[in-house]
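So the sequences go chain by chain: A, B and C.
With the working numbering applied, the first sequence covers 2 to 335.
With the working numbering applied, the second sequence covers 20 to 349.
With the working numbering applied, the third sequence covers 3 to 258.
Just so you know, the hints here were simulated from the structure itself, not pulled from any lab data.
Keep in mind that the hints are not guaranteed to be accurate.
Across the chosen pairs, the derived CB separations fall in these ranges [unchecked claim]:
#1 LEU109/A / ILE184/B: 56 to 66 Å
#2 GLU325/A / PRO334/B: 49 to 59 Å
#3 GLY92/A / LYS23/B: 48 to 58 Å
#4 GLN192/B / ALA95/A: 13 to 23 Å
Beta carbons: idealized from backbone N, C-alpha and C, even for Gly.
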Amino acid sequence: MESSGRSKSYPFIFLAILLPVIGLFTTGCTSKNKPASSEASITVTDFRGKEIALAKPANRVICLIESALSGIYMLNAQEYVVGVPSDVYRGSVAKRYASLDNRLANGLLPSPGNWDFISIEQIIALHPDLVILWASQTEAIANIERFDIPVYAVMIHSIEDVYKEMADFGTLLNRRVRADSLVSFTRNNLKQISNQKKEKEAVRGYFMWAQGINHTSGKNSTVNQLFEFAGIENVVDSEMEHLTVNIEKVLEWNPDIIIMWQNDKLMPEDVISHPILKNTKAAQLKQVYMLPGVFDCDLWTLKMQHAVKLVSNWAYGESFNQEEELEKLMEVLY
Amino acid sequence: MTRKKLTYLIFLLPIPVIVASLFVGPAGNSSFISFFRWFFMADETINSEMLTNILLQVRMPRILLVFITGGILAVSGAALQAIFRNPLVDPYVLGLSSGAAFGAALGLWLAVIPVQLSAFVFALAAVGLSYYMARKNKQISIVSLILAGIITNGIFTALLTIIQIMSDPFKLQSIVHWTMGNFHNANWDRLQMAILPMLAGLVILFVMRWKLNVIALGDEEAASAGLNPGRLKLWILTGATLAGSAAVAVSGIIGLYGLIVPHVVRMIFGVDNQRTLIINFLVGGTFLTLIDNISRTLAGFEIPIGVFTMLIGAPFFIWLLKKSNVGWEH
Amino acid sequence: MTQNKAVEIKNLSFGYHHHSIISNVNVDFYRNQFTVILGRNGSGKSTLLRLMAGLLPHCQGEIKINAVSIQKSFNAVKEAKIGFLAQKHKAVFPFTVEEVVLTGRAAFINWLPGKEDRKITLDSLERIGIMHLKNRIYTELSGGEQQLVMIARLLAGQPEILLLDEPISHLDYNNQIHFIHLIKELIKEGLTIIAILHDPNLAFLAGDRFVFIHNQMVQSYEGHEPWTAPLVKEIFHDNLTFIPHGDKVVFIPSLQ
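Just chain A, with the same shape it has in the complex (with noise of 0.2 Å):
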């Protein structure tokens, strides 16, 4: 028993080198912050309010927002980004990235992270010079911005955000006059749809997301603008941008309009047949239409015109030739 003797005075020893090894470490290692660079000629500010600036354009790139990737292409400035959200290499968006950039196809492109999970230590290898996050991921951004690399935080609630959004990395990238045309070339666009309702009575349409069938979004929401755009009333009062709701409330509202998001697991069909929302007009007039593809129909890009007209067509029944006019705005988009 001579051990449990000399092993008293073990945790001392071990608190004792502990206590100032941590001390030392936190309070001398935290990372001093150098002056922002005073010669920046490009300054845009984010969706934080926070302004970014920077030297010259940004040419080491990280976008860990799909959405804003898809953005960066449209700009044409994809040679310029140097990590991609793994979103990209993952999911029904992955073949259509992989036809956009070779790179992306091959896997050359690492991905330091997803919008939700980030990793550090791969961002600061990648040296960028921008790194592009959603606004809400407050935590990582303060971590990347203690390196001293430029974060541009992005928040999406409407089709103007996209607009500012587009203009800002076309400053950002060196490519603004491409950005502004495309913006104003979707402002006429969709300028054009909405005008074409106003003599008609307005439609009432209920949105379901792919969570669920009581998975909708409220007044504040792309999905309300996506209905405003195409002349559907959106039978949701809330404010709120994503919610759940009762299924009697859906009853009760009686859209005349299903649109469902890309669901792998719910078709039209099985909504017009489903038990309760059968009892519904949409289902009885098979007014149920599920968006085709969330790349082609992201509402938190440029495309979410191809979404409205999409809408608009089933709504109003107007013929149109789908395949056609996607092909079109491709064409323009990228």
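Keeping the supplied structure of chain A fixed, place chains B and C upon it in accordance with the hints.
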């Protein structure tokens, strides 16, 4: 290997593990070889600023945070198992984890209070609530305390669900990630923020560590030996809660860890808390550092560490239970 | 005469929530004697023992130990040199015998046990004659061995008075007799022992003094004739056959 040799190993292992972990990570250009070439061979091609940034600003705080968190989970798990005289108890038994998860979710949702602070405060509040509910006639019985913990867990899980329902899918995902462990945002500030309550809690547990043996025999036995079991339990709960809340606030919930490590240590080093509490700290810290190394490097994207501790811990624990006589009477 | 009294109890009452368990008890316990407390289940024997051990706060009456009146929160081990052995003990953790006995020093240890504490621990193991069990796992011992370890744990607190709550109830007959021998040994070494026993024959054969508790009445007897007390039949059974045994008397129940 004898127990004595093993003890030496446990005391020596943390330093090489920590140093080696510094050179483990997804950024390939920060390996030991680049460090060696930069430090000893003055290789100009190595970007020294980036190298030191990654080693000292990204990896070092994370490794230390992981180590201390692992140590705290093991130590407070062992301490709580002793005072509850129950092998199924872990640091989360009194609602600490659900309180912290709710606090963190509230912080993420409202985006006005710092997430860590909110998690810490609600973790403390949850344990306080359990303690308050269990207290009757100035006495705390083990069964009522565990019951109160279950109730508290239920309450905070329900509150968490409300927030999750009201959150958009983005925030929802952040909350889910947070609850599975969240070392990927570790930095010096965060360590600095948590270190005081962590050390305060650890010091309380360490100075009380022999008394854990007395209380582990039973309240009556402790009282008849001249100790006040109520006061002793309150101190140990305070220490474990303080350190545990700080750890959970900066690192998220790391499941099963605080349950398993004390068992492993007990099987190898016996039950004398005077000796094993420090061993728990070192084993807990070393192993979590190793697990975090896997979590940092295995996949292209990060897998939350809580997932690993659950997936590695559960089968390992079942294997241990089946293989050896743990020494529990009932 | 007072200096011979180890414990004096005057007008002591105790109860929970207006339910009286013992009331107005007056009884003395004498130094260097083996006093046996006898009574039916629920008569308040354990409560009396616990009050003396300072494990329950008494509200009415007075308890004097070594002529000093004890206060509400006194440290029985340290201040009154009392060792209390609880009736039931259920160990969960597989501590070694030495670790268990060392916890008996808790009252004298601020944070960690020192060399002196470990020496006293080994001395108490030696005194009970269980040095060979030192490194064994407590939970793996037999009931008899466990009880010896618990006595060694009490002795580690270096008490003058031992309070034992049914120390032999869970032992087999052989171990019961061994235990009674151990008590006699400890009395010879100068200790005062107060124990609750259920077997009246064993009690009468071994005890120096007897305290009966029945229907909230407490009576104490000394010497050779406690079994003639009217309380004996009332406490144990009214149909007993008395058999002379040396200078004492034992009794067996008449089962016909």
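Outcome for the supplied range 49 to 59 Å, where the beta carbon pair is GLU325/A and PRO334/B: holds (56 Å)
Starting from the range 48 to 58 Å, see whether the pair GLY92/A and LYS23/B falls in it by beta-carbon distance. Cβ of GLY92/A to Cβ of LYS23/B: about 55 Å, so the range 48 to 58 Å holds.
GLN192/B versus ALA95/A beta-carbon gap, inside 13 to 23 Å or not: About 19 Å separates the Cβ atoms of GLN192/B and ALA95/A, which means 13 to 23 Å holds.
Could one say that the CB atoms of LEU109/A and ILE184/B fall in the range 56 to 66 Å? violated (41 Å)
Of the numbered hints listed earlier, the single one contradicted by the structure is hint 1.
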